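Engineer: Just add 82 to wherever you are in the sequence shown, counting from 1, and you've got the working numbering.
Keep in mind that the hints were calculated from the coordinates and are not lab data.
Listed below are the simulated DSSO-like cross-link pairs for lysine-lysine, each with C-alpha atoms no more than 27 Å apart in a straight line:
no.	residue 1	residue 2
1	LYS151	LYS139
2	LYS151	LYS128
3	LYS139	LYS128
Please read these numbers as outputs of a predicted model, since none were measured by experiment.
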Amino acid sequence: MRPDVDEGSEVDTDTPWVAIVWNDPINLMSYVSYVFRKLFGYSQAKADELMLDVHEKGRAVVTNGPREKVELDVFRLHEHGLWATMEQQ
Numbered sequence: 083m084r085p086d087v088d089e090g091s092e093v094d095t096d097t098p099w100v101a102i103v104w105n106d107p108i109n110l111m112s113y114v115s116y117v118f119r120k121l122f123g124y125s126q127a128k129a130d131e132l133m134l135d136v137h138e139k140g141r142a143v144v145t146n147g148p149r150e151k152v153e154l155d156v157f158r159l160h161e162h163g164l165w166a167t168m169e170q171q
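My request is simple: use the sequences and hints to build the entire structure.
Structural biologist: Here's what the structure looks like:
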């Protein structure tokens, strides 16, 4: 451990990160489902299930993994106009 880093501020790199897509008033439900299929290879049924979670619950976890992978997933979601964030589980 570096001496200039507070022990309590360390990030657990083994804990997976998740990408969360949030509901917005702009994107059509069919488009959100399409983006999930295109970016993540989900089946129509899985993409529709996640899209309905976004629409009805306000958010859905769409991917997980190491920080770098999830950062890229969030970036790609932003490129497609979706409101997405990431957090550590």
